[in-house]
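S.K.: The chain contents come next:
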Amino acid sequence: MTGLTADSLALLIAATLNAGTVLALASLGLLINERAGVLNLGAEGMMLVAAIAGYATGVQTGSDTLAFAAGAAAGAAMAALFGVLVIWLNTNQYATGLALSLFGAGLSAFVGITYTQQRLPERPHFDIPVLADLPFVGPAFFRHHPLVYLTVLFAIGLTWFLLRSRGGLILRAVGESPESAHALGYSVRPIRLLAVMVGGALCGLAGAYISLVYTPLWVEGMVAGKGWIALALTTFATWRPARVLLGAYLFGGVTMLQFQLQGQGVQIPSQWLTMLPYLATIVVLVLISRNPMWIRINMPASLGKPFHPGA
Amino acid sequence: MFKLEPRAAPSRVLMLASPLVALAITVLVGVLLFVALGKDPVAGLQAFFVEPLKGTYALSELSIKATPLILIALGLSVCFRANIWNIGAEGQFIMGAVFAGGVAMRATPDSSPLIFVAVLLAGMLGGMFWAGIVALLRDRFNASEILVSLMLVYVAEMVLSYLVYGPWKDPQGYNFPQTITFLDVTRVPKLVQGLRMNIGMFIAAAMVLGFAVFLVRTYAGFQLQVGGLAPAAARYAGFSSRKALWTALLLSGGMAGLAGGLDAVGPQGQLTPYIPLGYGFGAIIVAFVGRLNPVGIVFSAVLMSMFYIGGELAQSRLGLPKALTGVFQGLLLFALLACDTFIYQRLRWVPTPKGRP
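Residue numbers (this note's numbering), protein chains in the order written: chain A, 149 to 459; chain B, 49 to 405.
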């Protein structure tokens, strides 16, 4: 077994950022949902539909921006379907989210069948001039898709928004105590729908990132549980954007370590390595949930509870 | 404007009508979809709703698909009634198949026919083991059963994949990822020569009866449902929520494992990476569409099996992707959840108040 060279370390860092961005985008979106009091178990479905929407647009138009826009729009549209059912018709959030995941899996497989054989036109390169040519740090940090950097900026912006802005205060009020927010004159349900759609759009970006950048092709069910891992990450991060980012890179690292190990010819069957991210999710959930008080203090108080105005 | 307001009492009519309305909506969307794709909607509907019921061969195939769906959905209905969200039945199904297959592989031509019983028990144990992990982590560490059970689906897929690519691979299988074909003594007895229909459907029927009795006639079943409907009342009555958690998860895991075992030594006859067919996820829809009621589950399982077979027919006859099945399944659940809203609430016209902007 060869040791870890500087080159392979740079590649590992780059791959970690790549995988972490998918999880971070989706998880930040779900965090916005959950801060508004809505739990959307449909992340996996939204990401799948967005992945094929982005891929199809990419194949048809060749435009990276349009492809990501299509992914975000698809995610938001799926989320709107969920939002209307959950927020206005007061359907069970667990069951509806699950329905969204199952429906998304079916719909994406159905639409995607014609795209399994098609390839994306050549991808643009996003190397940052000068910096990308630096040894080690260049390949590790400066040759990524713009979304990788935007995700970091977004997480910082979201922290500011949630804790320091009026809009964030309203969003949190709607998630913590919708009755009080309602009494103060805020329209709880439209605000929740908006939060759900923004969350869906971010999950959509994550889904499109998978099919356009992470593994640039379309395979049925290619999200492979990343939507569910993103859901676990919001709990892991106790609903804080900076911790979501940290958790996402940590998980991205675990996912990528398996490829690294496989590449180095470690004598472990590939299946055990593929299991790692899923097992890691379970372990992390166990560690974080062990103290119920810790969760209760940090969880948005009305998470998962329907709200009937004027009842 | 229209306003949703709670009904004084849930509408009994709608409780029965809601699944039918949901089905009607799904069919309507289906027709629109067929037209949009330029296919004959009549032929499309025939593939889904007529052909799967026509003739003994079709009915036999229907029973092959309905049996696992019924078994898994029965277990899930207990979970969902107790407000425990086991969504990893697919993983428990796979582990059931793995455990059952592990026993079946040990059979020799002169094994007693009783080994068949051992095979199915092993399947149940496999499913219970997998669901038991979920119960343990929830009970001891308060970890969300939704996420843990789902993560374990991926882990189970990898365990199966490891076994059939590795230690359990058939040495005479031309390097295909598959185990040996199980010997006849371990296979599920078929009912009619030449058809795949087997005694699994009688096991499912017996289980329907068993679950109906458990839910309506036993104290444990009652405690479990109170815990789901009104946790505070259950606590006050001294019903153990831990016991409910373990009972519901082990029951549903055992049922999913039994279904997996029956499938492995039934229609499949060997373990391959293609054992997971999505029954574990389809059964979630079956359970809801069947109103979490054992008899309702039979009907919804038959309906869902028609979707599966219809999808295959639509592929071979109309050249549509088989994934159509998943679209219809998801649509049905969405439509049902929306329709169910009106069981407990009604729409009423409320004049918009004047004088306030």
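Hints in this document: simulated from the structure, not taken from any laboratory. Keep in mind that a hint or two might mislead.
Here are some, though not all, of the chain A residues that point toward chain B, as calculated from beta-carbon distances under 8 Å [to be verified]:
id : residue
1  : LEU233
2  : TYR242
3  : PHE258
4  : ALA380
5  : LEU427
6  : ILE445
Now the stretches of chain B that chain A is said to cover, found in silico as 3 or more residues with beta-carbon under 8 Å [claimed, not checked]:
id : stretch
7  : 70-78
8  : 218-229
9  : 258-269
10 : 330-342
11 : 379-387
Keep in mind that this is a model prediction, so the values were computed, not measured. All C-beta atoms, glycine included, are put in the ideal place defined by N, C-alpha and C.
S.K.: Determine for every hint whether it applies to the structure shown.
M.R.: Checked hints:
{"no.": "1", "hint": "LEU233", "verdict": "6 Å, holds"}
{"no.": "2", "hint": "TYR242", "verdict": "6 Å, holds"}
{"no.": "3", "hint": "PHE258", "verdict": "4 Å, holds"}
{"no.": "4", "hint": "ALA380", "verdict": "5 Å, holds"}
{"no.": "5", "hint": "LEU427", "verdict": "7 Å, holds"}
{"no.": "6", "hint": "ILE445", "verdict": "14 Å, violated"}
{"no.": "7", "hint": "70-78", "verdict": "violated (count 0)"}
{"no.": "8", "hint": "218-229", "verdict": "violated (count 0)"}
{"no.": "9", "hint": "258-269", "verdict": "violated (count 0)"}
{"no.": "10", "hint": "330-342", "verdict": "holds (count 3)"}
{"no.": "11", "hint": "379-387", "verdict": "holds (count 5)"}
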